[in-house]
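Since the structure of chain C is provided, determine the placement of chain A on it from the hints.
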Amino acid sequence: MFLKEYIADVVNGVSSLLKGMRKTGYYFVHPKEIITEQYPDNRATLLMSERFKGEVVMPHDAQNEHACTGCTACELACPNGTIKVVTKFEVSPEGKKKKAIDALVYRLELCTMCNLCVVACPSDAIKMAPNFEHSVFDRTKLTKVLNQPGSKIREGIE
Amino acid sequence: MFSLEGITTSVQDWLFMKFNPTMALAMECVIVILLAISLFAILGLVLVLMERKVAAHIQIRLGPNRVGPGGMFQTVADTLKLIMKEGLVPDMADKFLFNLAPFVVMMVGMLLLAPIAFAKNFQIWDINIGVLYISSVSSLSVIGILMAGWASNNKYSLLGAMRSGAQIVSYELSAGFAVLTIVVLTGSLQISEIVKAQENGWWIFKGHIPAIIAFVLYIIAVTAETNRAPFDLAEAESELTAGFHTEYSGMRFALFFLAEYINIFIVCAIGATLFFGGWMPLHIGNWAAFNHIMDYIPSSVWFMGKTFFLIFLIMWFRWTFPRLRVDQLLNLEWKYLLPISLFNLLLVAIIAILGWHF
Numbered sequence: 001m002f003l004k005e006y007i008a009d010v011v012n013g014v015s016s017l018l019k020g021m022r023k024t025g026y027y028f029v030h031p032k033e034i035i036t037e038q039y040p041d042n043r044a045t046l047l048m049s050e051r052f053k054g055e056v057v058m059p060h061d062a063q064n065e066h067a068c069t070g071c072t073a074c075e076l077a078c079p080n081g082t083i084k085v086v087t088k089f090e091v092s093p094e095g096k097k098k099k100a101i102d103a104l105v106y107r108l109e110l111c112t113m114c115n116l117c118v119v120a121c122p123s124d125a126i127k128m129a130p131n132f133e134h135s136v137f138d139r140t141k142l143t144k145v146l147n148q149p150g151s152k153i154r155e156g157i158e
Numbered sequence: 001m002f003s004l005e006g007i008t009t010s011v012q013d014w015l016f017m018k019f020n021p022t023m024a025l026a027m028e029c030v031i032v033i034l035l036a037i038s039l040f041a042i043l044g045l046v047l048v049l050m051e052r053k054v055a056a057h058i059q060i061r062l063g064p065n066r067v068g069p070g071g072m073f074q075t076v077a078d079t080l081k082l083i084m085k086e087g088l089v090p091d092m093a094d095k096f097l098f099n100l101a102p103f104v105v106m107m108v109g110m111l112l113l114a115p116i117a118f119a120k121n122f123q124i125w126d127i128n129i130g131v132l133y134i135s136s137v138s139s140l141s142v143i144g145i146l147m148a149g150w151a152s153n154n155k156y157s158l159l160g161a162m163r164s165g166a167q168i169v170s171y172e173l174s175a176g177f178a179v180l181t182i183v184v185l186t187g188s189l190q191i192s193e194i195v196k197a198q199e200n201g202w203w204i205f206k207g208h209i210p211a212i213i214a215f216v217l218y219i220i221a222v223t224a225e226t227n228r229a230p231f232d233l234a235e236a237e238s239e240l241t242a243g244f245h246t247e248y249s250g251m252r253f254a255l256f257f258l259a260e261y262i263n264i265f266i267v268c269a270i271g272a273t274l275f276f277g278g279w280m281p282l283h284i285g286n287w288a289a290f291n292h293i294m295d296y297i298p299s300s301v302w303f304m305g306k307t308f309f310l311i312f313l314i315m316w317f318r319w320t321f322p323r324l325r326v327d328q329l330l331n332l333e334w335k336y337l338l339p340i341s342l343f344n345l346l347l348v349a350i351i352a353i354l355g356w357h358f
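Chains C and A, in that order, are what the protein sequence lines are.
Just so you know, our numbering puts 67 at position 67 of the first sequence, and the rest follows in order with no gaps.
Just so you know, our numbering puts 353 at position 353 of the second sequence, and the rest follows in order with no gaps.
Pulled out of the complex, with its shape left as it was, chain C reads as follows (with noise of 0.2 Å):
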């Protein structure tokens, strides 16, 4: 039936306004809800989300020692040209070659925080750091050396 229809219709739209009404008035009425950071003040207690990219970095463990083999795979889904890697051939004490890195260098200034390489790398040696506070006044201080000096590659990565 036409009236019938017509009132559920108003019912129904005035409701679902009502419904969106309460909401936001608690949203009003419950300033604890906010959720602006403001950002220079609380910079001692910034909570940065796990997942937020910043830059990337080359976890190291205690013995200074990364789980990067050289490999390069991270250079190749690079988009931009941001990663690149120098590599060695280190002589074991028996006499055998093995390839390694000399230098994993980052050019923040051209990264665009895509995640790629991190995608890419098979022994997840590198990840996205949280940091995001990377200004400086002279721009080489953006490209930079991701391997900790005197580092070596783990035992048992290949």
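Source of the hints: derived by calculation from the structure; they are not laboratory data.
Among the hints, a few may not be true.
To be verified - The calculated label-pair distances, taken between Cβ atoms and stated as ranges, are:
| id | chain 1 | residue 1 | chain 2 | residue 2 | range |
| --- | --- | --- | --- | --- | --- |
| 1 | C | V11 | A | I7 | 44 to 54 Å |
| 2 | A | V67 | C | P149 | 43 to 53 Å |
| 3 | A | V67 | C | N12 | 51 to 61 Å |
| 4 | A | M251 | C | F52 | 36 to 46 Å |
No residue lacks a Cβ here, since even glycine has one placed at the ideal position from N, Cα and C.
Frame of chain C, contents of chain A only:
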């Protein structure tokens, strides 16, 4: 007890004592003009800040919080910025109409102040056709908006102005019917009479469900008439950049911006007068003690409190509801609001004739 009535009578007595009647009347006019302009300036600052704060809290944000304590001087800073900006007039625009339009829109707001009762016996002009005057003058604002859209020489402006015309003309009907329900209940068009009729209870309580329906219809219709979201099709940031005031900048833009908030204040003041008893304190039946305590709150505080409550309600709508399309807008008016308000008016007429209201 503080009352504005005493101040106005003493000022008038003093003026008529010192000067001849013509001179005294002229000076009273100047005082009223100064008061109206200062009220507009203060309202502009307060309401813009209120809107931004309300919007922020509804959207779980903080809002302006840097300029002054809690961001209190944000709007003052914004106004200073707007004053110092260059007011551009686009090439090939109709310069006369372009410059005139913001003032027409403001003038409508100023004219509407005349019959509003701000406190007990504190009214610029207690005209005996007050409600009729309000509904006829408020429809003039469409001229200012059409003028702005036409004179800008910009297709966005023209489209926005045309939409605004369609919108204001159609929603005026249901706003008028909502106002009429109260006129039917009161039996008078005079604002002071309408307020006086609510001495023993506001119409929203005394008028049963039809009064509540009329109030809802009134709020919806005036939100559309003031071109605010969810009915902001005249501005329509997403499709018409800024609608009729796309080409306006600097102080002329500020006048349009101010006029929007002044119009909100005025429609809310009228809504408060019609449905919530204007400056009349909250009286409940025979609770003599309660009524006596309520009388101690000054009438101006009652009026402003009710008005700002309604303003908050309209802001709450704006930041909650999704926008309408043009066809949905006109559907809502012609297929829903108008039939409902006609039926509602009939119901109220029956109630008024049979004396079912309290």
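To see whether the hints hold, each was checked on the structure:
In this structure the supplied range 44 to 54 Å holds for C:V11 paired with A:I7, their Cβ-Cβ distance being about 49 Å. The supplied range of 43 to 53 Å is met by A:V67 and C:P149, whose beta-carbon atoms lie about 49 Å from each other. In this structure the hint that A:V67 and C:N12 lie 51 to 61 Å apart at CB is violated, the actual value being about 44 Å. Between A:M251 and C:F52 the beta carbon distance is about 43 Å. The supplied range of 36 to 46 Å therefore holds.
Of the numbered hints listed earlier, the single one contradicted by the structure is hint 3.
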